[in-house]
Amino acid sequence: MIFTVAGKELKAMFSSPMGWVILALLQAVFAHFGFFAGVDQYFNIMSGSMRPEQRMGVTEFVGSNIFNMASFVMLVAVPLLSMRLISEERKNQTLTFLFSAPLTLTEIVLGKFIGLVSFLTIVIAFLAAMISSLNLWTDMDFGYIAANVIGLWFLVASFAALGVFVSSLTQQPIIAAIISFIALFALLAFDQYLASDPNSLFNHVSLMRHFEPFSRGLLDTRDFSYFILFIFTFLTLTVRRLDADRLRG
Amino acid sequence: MTTITVEARELTRMYGGNTVVRDVSFNLNKGEVLGFLGPNGAGKSTTMKMLTGNLAPTYGTVKICGIDIIENPKAAKALIGYLPELPPLYKELTVDEMLSLAARLHGVTRAHLKKAMTLAKERCGLMEMSGRLIDNLSKGYQQRVGIAQAIIHNPMVVILDEPTVGLDPIQIRDIRALIKELGGEHSVILSTHILPEVEMVCDHVQIIHKGQLVFNGAIEVLKQQRHGNKLLLGLHRAPDIKELMKINGIVSVEPVRDKLLRVQYQAGKDPAEALVQAAVSNDWGMFHISPDQTSLEEVFVQLTQQESEH
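Chains A and B supply the protein sequences, listed in that same order. As numbered in the working numbering, residues 1 to 249 make up the first sequence, in order. As numbered in the working numbering, residues 250 to 559 make up the second sequence, in order.
If we strip away everything but chain B, and leave its shape as in the complex, we get (with noise of 0.2 Å):
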């Protein structure tokens, strides 16, 4: 039993002669959470799309557990559970109805129907809402029911689009511990423009920008890349460059606004101690150490400006 859940080659995807996702090739492993990012029409429905056989790739190969999703599409889809950007929900049913309706469809077994519409709802928080018409239901609630129908059918792989638009911000907590408990038994897919988001539930992540990946890595490098190796350093009397060049492990220093420094040093060498050691001893009235970070918009933008610049 192979451990990949999603195999994904050379994906394209051309509508007419204009290419909107480009040879997106990635393997996803059970139990895993993959975060994908990127920008309004970046090409991050379309991929999700085609990785749910929703849409015919132009050039490419999906696999689901081994099995190809054009070759094989009912064995594959069995395994997939989807929600797409608009949740698709009978609008004249009740909760209870679409769920149940959404499991007999994913060959879910009468005699396990019923356990397994309450453990999704359970998950979801629609307890309360079993008897209720989806079209009187808010907007987070249908999310919610969306979710539901997503995972009602236990499958190994879930892919969510963007599935915390309109949440408020208990939903939002909810969803996202639902979806870290979900990559442990399962592998999650979810897009999202919404960058702590990634952060908080992903192990992986995907920037996607014009249709090609700029990023394919695990959190922790994006995470690397988003510390650096820099600390903010604010002096009263702050002496010449040259003279806290002469620190141990400094590699820059640059002045940012109000006595402010930022300084740069090598990877393992975090020269803070030194630093406030001497600022001390040499009377520099230091007020401020702290370690810089780039915020993950930075990190982003710098993505997906550098692809452009090609």
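Bound conformation, chain A alone (with noise of 0.2 Å):
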């Protein structure tokens, strides 16, 4: 049942220009941008750096580069692909075909949520894939790579979880893209306010802080769980708002 939902959430993204135009633009986004650009540097710089431990492996510097601005990048995306999962189908009074069919409201919040997190998951996979292509001429240091996969899905499955909810409370899907776009930049930006304070509590519930050790190559619990408990807590809001309407009307 979750997978039906989620995969009528593929079909309809898919079944507009929108969801070709994203993937596209995005992919051509991290290869100019990130990808050429980072490739094309590394020899400049690298052959600038005399000293061995001025030096980092191709893997690193493309990496680092194409990571960091794939979490940037995400954070514009995601809410305009969120934006109307739940809202449009309030403004369209569509809801009522979900909430009559024998469905739990976390079946319905879950298949949504899967929905766009696949899609998310196609545009993880290029972009793994095309630094992975860099193993035909170098050896790819693929742990570093997997690591940064493994945390820019966790971080772009955040921005998926809280862009849904705040589409459940809206009508008006631009606005739920504005909000979760506000709403996320915060989360991800405001530790750099604190960052002279590194016991500061806003440092444990920022998004960026989290996804740092991925970059890095380090796999931590901490942020395993950091990323599952936020998931787990805007999927849960927006049952509850799911619910609310139910009981207000």
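It is worth saying that the hints were derived from the structure and are not from the lab. Note that the Cβ used here is the ideal one computed from N, Cα and C, for glycine as well. Careful: at least some of the hints might be erroneous.
What the hints assert, rightly or not - Restraint ranges, calculated between C-beta atoms of paired labels, are given here:
| hint | chain 1 | residue 1 | chain 2 | residue 2 | range |
| --- | --- | --- | --- | --- | --- |
| 1 | B | Pro504 | A | Gln93 | 34 to 42 Å |
| 2 | A | Arg246 | B | Gly356 | 35 to 43 Å |
| 3 | A | Asp245 | B | Ala516 | 46 to 54 Å |
| 4 | B | Thr310 | A | Gln192 | 34 to 42 Å |
| 5 | B | Thr310 | A | Phe126 | 51 to 59 Å |
| 6 | A | Ile182 | B | Ile319 | 49 to 57 Å |
| 7 | B | Glu341 | A | Phe72 | 35 to 43 Å |
| 8 | B | Leu382 | A | Thr233 | 54 to 62 Å |
What the hints assert, rightly or not - Cross-link-like lysine to aspartate or glutamate pairs, in silico, EDC-like; alpha carbons within 20 Å at most:
| hint | chain 1 | residue 1 | chain 2 | residue 2 |
| --- | --- | --- | --- | --- |
| 9 | A | Lys11 | B | Glu341 |
| 10 | B | Lys479 | B | Asp507 |
| 11 | A | Lys11 | B | Asp345 |
Please assemble the complex out of the two chains, which come individually in their own frames, going by the hints.
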């Protein structure tokens, strides 16, 4: 049942130009500004670094370039994809269709979330394939790439969970997109303002703080549990919000 | 196996301090068609939303085939097919995609999917529209897709909120025939404010006004009320009213207009024959005699206004 809903969302994504355009655009952005620029600069900068400790591998150089950029590009892309998930159904009154079907609210919300995350997984898979293609000319550090991919996946899934929740709050997709963007931007960026105090409470809540270890190739259970809790919290809030529809009308 | 498919007990819904539906209770048996009548804003749609589990009642319970929709919504919802006021259709899908989605969400197995879809499309006259985008269909066809998605999983109870809105007369006739057909094996609840429609397709009628049931009974009872025991009589040279009252069975006589009289008689004692004989032998100049029907509209107005006087 969950996958029927997820399949419907994925289909909706690809039945309008929206999905294809975003997929192509993201790939183009990652390729041009992340991948090619990274490969290009690598030789310029590395030829200037004479001392061994200044040198770094091509995987780390290009990888950190791409994955850092990806986290910020996704900050814009995910709200655009998540905005219509529930708000549009509310606006067109098609939510009744799902509510009347023998589905629990959790199944509806999870279905929508999984549908969106599957789309984003395609984006990340393309990104991973692009950077792995360097392996044709040199030896890549696949452990480093895997850690980054996993980190990016959890980061993007968290974005999606928040996007789904915000989408359930309003009838206007655009408003949902704007609010999700602002909320995500705040969560991503506010650790920058509190950088002077490394033990500040806010640092523990910042999404970027928990993505950062992955981008160094470090898998930490604390970060995993943070992302899973984040996703769980916002999906639960979404279920509660939809339940309020039924209770309050 | 009980034959009661829908059991509503003291359904009440309040929005803030505003009671929209108050103490609505009824039973519906298998194979019956229930018509839900009421003026705008009477609480028809709210009641239907509660029956389908789209809205939680403030008090009261709904049981579908004995399964409580609040305690066990998944099992209960599987037995219902619901068409809300606005057909809930994904405009970006084709008719086939939409129906297959509806079927799969309602647990139709892959093996039966094709058969169920063909049957639903045949019943709703959608065979030629299979590959069309719902967005490009006319309002009438969209309404049909709405009905098709409600009946695709062969539910025990079909709940239709104003199903004939926006259809042309031929389609309306088809849909009414379909509703009658559905009534054979399933229970159907439909809301409408088209009164003849209720008379045509329903076995049971409920009239709801300001959130309360003001009439709940078989359609025959309503018809009885409608036909009354009245004759409309036209006499060119009418005698004194006392003269007419002498005829056996007549209870009262009142003039209507243009030499027309309304004659009320005791139930089962139709005085038509005696009246004609008397008119001929006394040369009253009879030019008209017919049963006097109050229109369904009048009954409806009576019922809804009685209530507001209380």
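Taking the hints in turn, this is what the structure says about them:
1. The beta-carbon spacing between Pro504 of chain B and Gln93 of chain A, approximately 53 Å, falls outside the hinted interval of 34 to 42 Å.
2. Restraint check, Arg246 of chain A to Gly356 of chain B: a C-beta distance of roughly 21 Å breaks the suggested window 35 to 43 Å.
3. Separated by about 51 Å at the C-beta atoms, Asp245 of chain A and Ala516 of chain B satisfy the suggested range of 46 to 54 Å.
4. Hint check: Thr310 of chain B to Gln192 of chain A, Cβ distance near 55 Å, so the stated range 34 to 42 Å is violated.
5. Judged by the Cβ atoms, the range 51 to 59 Å given for Thr310 of chain B and Phe126 of chain A holds: they are separated by roughly 52 Å.
6. About 38 Å separates the C-beta atoms of Ile182 of chain A and Ile319 of chain B, a value inconsistent with the hinted range of 49 to 57 Å.
7. A hinted range of 35 to 43 Å is violated for the C-beta pair Glu341 of chain B and Phe72 of chain A, which are about 30 Å apart.
8. The hint said 54 to 62 Å for the Cβ distance between Leu382 of chain B and Thr233 of chain A, and at roughly 38 Å that hint is violated.
9. Between the alpha carbons of Lys11 of chain A and Glu341 of chain B the distance comes to roughly 10 Å, so the proposed pair stays at or under 20 Å and holds.
10. With a C-alpha separation of about 18 Å, the suggested pairing of Lys479 of chain B with Asp507 of chain B holds against the 20 Å cut-off.
11. Pair hint Lys11 of chain A plus Asp345 of chain B holds up; C-alpha atoms about 14 Å apart against a cutoff of 20 Å.
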